[in-house]
Amino acid sequence: MSDTVAHGAHPPGFAHQFEDMTQQREAGNLGMWVFLVTEILFFGGMFTSYIIFRTLHFASFEAGSHLLKVQFGATNTVVLIVSSLTMALAIRAAQTGKRKGQIIFWLILTMFLGALFLGLKLRYEWYADYVEGIVPGISWNSGAHAPGVELFMCFYFFMTGLHAIHMVIGLGILTVLVIMAARDKFSSRYYAPLEISGLYWHFVDIVWIFLFPLLYLIGGRYQ
Amino acid sequence: MSMAIADLHEAPADSSVNYLNATYGIRSWLLTKDHKRIGLLYLATTTLMFFVGGGAAVLMRLHLIEPQGALFEPETYNKLFSTHGIIMVFFFMVPSIPATLGNFLIPLMIGARDVAFPKLNLLSWYVFVTGCIFALYATLSGGVDTGWTFYPPYSSSFSHTHVVAVALGVFIAGFSSILTGLNFIVTIHKMRAPGMRWFRLPLFIWAMYATSLIFVLGTPVIAITLFLLGLERILHVGIFDPAVGGDPLLFQHLFWFYSHPAVYIMILPGMGVVSELITAFSRKKIFGYSFVAFSSLSIAVISFVVWGHHMFVTGQSVYAGLVFSALSFLVAIPSAVKVFNWTATLYKGSISYEAPMLYALGFVGLFTIGGLTGLFLAALATDVHLNGTYFIVAHFHYVMVGGAVMAYLGGMHFWWPKITGRLYPDYWARFAAFMIFVGFNLTFFPQFVLGYLGMPRRYAVYPAEFQVLNVMSSAGASILGVGYLIPLIYLTWSMRYGPPAGPNPWGAKGLEWTTSSPPPTENFKEIPIVTEDAYNYPTPEVPRV
Chain A
9 MSDTVAHGAH PPGFAHQFED MTQQREAGNL GMWVFLVTEI LFFGGMFTSY
59 IIFRTLHFAS FEAGSHLLKV QFGATNTVVL IVSSLTMALA IRAAQTGKRK
109 GQIIFWLILT MFLGALFLGL KLRYEWYADY VEGIVPGISW NSGAHAPGVE
159 LFMCFYFFMT GLHAIHMVIG LGILTVLVIM AARDKFSSRY YAPLEISGLY
209 WHFVDIVWIF LFPLLYLIGG RYQ
Chain B
-1 MSMAIADLHE APADSSVNYL NATYGIRSWL LTKDHKRIGL LYLATTTLMF
49 FVGGGAAVLM RLHLIEPQGA LFEPETYNKL FSTHGIIMVF FFMVPSIPAT
99 LGNFLIPLMI GARDVAFPKL NLLSWYVFVT GCIFALYATL SGGVDTGWTF
149 YPPYSSSFSH THVVAVALGV FIAGFSSILT GLNFIVTIHK MRAPGMRWFR
199 LPLFIWAMYA TSLIFVLGTP VIAITLFLLG LERILHVGIF DPAVGGDPLL
249 FQHLFWFYSH PAVYIMILPG MGVVSELITA FSRKKIFGYS FVAFSSLSIA
299 VISFVVWGHH MFVTGQSVYA GLVFSALSFL VAIPSAVKVF NWTATLYKGS
349 ISYEAPMLYA LGFVGLFTIG GLTGLFLAAL ATDVHLNGTY FIVAHFHYVM
399 VGGAVMAYLG GMHFWWPKIT GRLYPDYWAR FAAFMIFVGF NLTFFPQFVL
449 GYLGMPRRYA VYPAEFQVLN VMSSAGASIL GVGYLIPLIY LTWSMRYGPP
499 AGPNPWGAKG LEWTTSSPPP TENFKEIPIV TEDAYNYPTP EVPRV
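First to last, the protein sequences are chains A and B.
Residues in the first sequence are numbered from 9 upward in steps of one, following the working numbering.
Residues in the second sequence are numbered from -1 upward in steps of one, following the working numbering.
For the record, the hints were derived by calculation from the structure and aren't laboratory data.
Don't take each hint at face value.
Claimed, not checked - To give a feel for the contact side, a few chain A residues facing chain B, derived at Cβ under 10 Å:
#  : residue
1  : PHE22
2  : PHE26
3  : GLU27
4  : ALA35
5  : VAL42
6  : MET54
7  : PHE66
8  : VAL139
9  : GLU140
10 : PRO144
11 : ASN149
12 : ILE214
13 : ILE217
14 : PHE220
15 : LEU222
Glycine residues also receive a C-beta, built at the ideal position from the N, C-alpha and C atoms.
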């Protein structure tokens, strides 16, 4: 969005349709908030369906919940929360006009934590599920579980899969931010892309904060 | 009318450069970030989809000339009405006014250079086209027979048609709606010109804002619903399909949670357009500006809590039905507020009957019929009798076609001189408007009677005693079809041969009329400063006795 230099010198990152940087920054922020509202409704449809089916097939969903690897789910929850912290620190570093090295450091740490989350999930959860034969449609050990368990596992894969897609998109965004930071795009006067991407990253975390108890914990495991 | 045209057209030398001729070549259109060009891209796409969906409707009406069906196998007929519904709802009605007129007008009306996110705007067109391609592919390679609602089990394992492709097309096109809605919300919040306070905004903007709220809040739900539907078909697990333990009612709840508000996505922009037309052609301030503005918002809000009235006879609890029925009646209040305010605006106005005004007046009448018959359907007892009959078909066509399409055409005729800088032949435009009005009523009024007498919708055959009314309806459809083709011809003709329009051919108020026609790429030479309310038409000089 920086395709014209109509009148005189503009601050870096300024897009021609706006009057000034404040307007641009506010528009970007509002745009991301509206997008997150959409996302809430997007996940909301799935959460609603999950809750309804959990009520309909309570015993199966409880049994299904016990098949999940709660220790990795818990570890990943911590990993994601820390990644939100590092993301916030990256924004803070830009806001307070720190060197670009610091911004890049926090961004890369965030990416590392995001990748760690996906790696743990892929290797120790989904792959293990595949080996155990509890992946519906791909590797399903029919006969071993009630039909409702298959439905639970479907929702588990839909919901965590959708969340993982959001994580991958987040990693892509972070990569762009690292490149922008390396090119000295950010300063204490211009850090809107960091701030807006941060909103997205925190949102993806919050979705997980809801997914984790809903899928892993409320199966009556610790009664 | 003509006095206002006057000599506003004192063209400075560089006013010949506008958004249409600033750059040339196919690339300059396909990679444009100009909201006006993107609006025209949408116009071309939705017009194509309109004639695809309309073609399916013509074939259906031809088939229904004879009680045993004149042309097709029942399976083919099923595919025709499904195609008609899916294409018209998701690929024409939903994007029609918002994505064409909305894209073109919102920045012009609020005094901005462009929408807040021009690249996102272009992306949303590409996303939409991708969705269209999926839908057209599925149509051409055999079609679907699920109805536009995709109800399981019609859409589950029983259907061997291209359900996944079409559902994917609707899913993808939905993201285009979301991005457009997001863009509009931010644009309206943050891009208004100095002095353009909320209560100085044209009512079209209020309507677009309400529509955008529904885009953003409703569309993701249909997206996830169709996603689950597709996954169910692929993985054969029981989500919605009762044969494998799923819950078909859940699908209907989720589907209508979006699709009922989507009805207001289709009608709210039309209401916004009509507010503009009626004030412009009766040269009066709108009666009760804030009531009209807030009625748009309240329709958007209420639209989210009435979805259950589509499910009175599908096994939802009676108490839920009672609540949904009561809530549905609420929609009548803001709708009636609008109709009364338009009528009051007309009262003692200096009314002139140019083509856009004919469409607007047609809208008011037809929407009123469509809205009032909606009350029959919101009432539990009558709905049991009328549900699933042609009464429903007639009701929603009065709202969607008699309402939304009339408003769309009225808006197109009103802003066409601004879009192209050319005038179209007014005689033909009035003729077409009249023909559409007659054809429409002849097509759909008999369907109210048919439905009341008990003819069910979606059947390829019907009892012989219904033939007269069906032939009337088919005859009306052919008039309607010709009526839609005429504007296509003369509007296209006017792009090259129409006389120049000048900046404000109607003498209308509003920022879009203060810039040249067609507008320059940056819309305004200088960002305007707004000092007056919307529709500030001069009060008549002669005191009325």
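Hint by hint, here is what the structure shows:
About 13 Å separates the beta-carbon of A/PHE22 from the nearest beta-carbon of chain B, more than 10 Å, and the hint is not met. About 8 Å separates the beta-carbon of A/PHE26 from the nearest beta-carbon of chain B, less than 10 Å, and the hint is met. Checking A/GLU27 against chain B by beta carbon gives a least distance of about 7 Å; that is within 10 Å, so the hint holds. The interface hint given for A/ALA35 is met, as the beta carbon of that residue sits about 4 Å from the closest beta carbon of chain B, less than 10 Å.
For A/VAL42, the interface hint holds, since its Cβ comes within 10 Å of a Cβ in chain B; the closest pair sits about 5 Å apart. Annotation: A/MET54 was flagged as interfacial toward chain B, and the flag holds, the nearest CB pair being 5 Å apart, inside 10 Å. Nearest Cβ of chain B to the Cβ of A/PHE66: about 14 Å, over the 10 Å cut. The hint is violated. The interface hint given for A/VAL139 is broken, as the beta carbon of that residue sits about 19 Å from the closest beta carbon of chain B, more than 10 Å.
Annotation: interface hint on A/GLU140 violated; nearest CB of chain B at approximately 18 Å, more than 10 Å. Evaluation of the A/PRO144 hint against chain B yields a held restraint, the C-beta minimum of about 6 Å falling below 10 Å. This hint is violated: A/ASN149 has a C-beta 15 Å from the nearest C-beta of chain B, more than the 10 Å allowed. A least Cβ separation of about 16 Å between A/ILE214 and chain B goes past the 10 Å threshold, and the interface hint is therefore violated.
Using the Cβ-Cβ criterion of 10 Å, the hint placing A/ILE217 at the interface with chain B is not satisfied: the shortest such distance is roughly 19 Å. At a threshold of 10 Å, the smallest CB-CB gap from A/PHE220 to chain B is about 20 Å, leaving the interface hint violated. With 10 Å as the threshold, the beta carbon of A/LEU222 stays out of range of chain B, its nearest partner Cβ sitting at about 16 Å, so the hint is violated.
The structure is inconsistent with the numbered hints 1, 7, 8, 9, 11, 12, 13, 14 and 15, although it conforms to all the rest.
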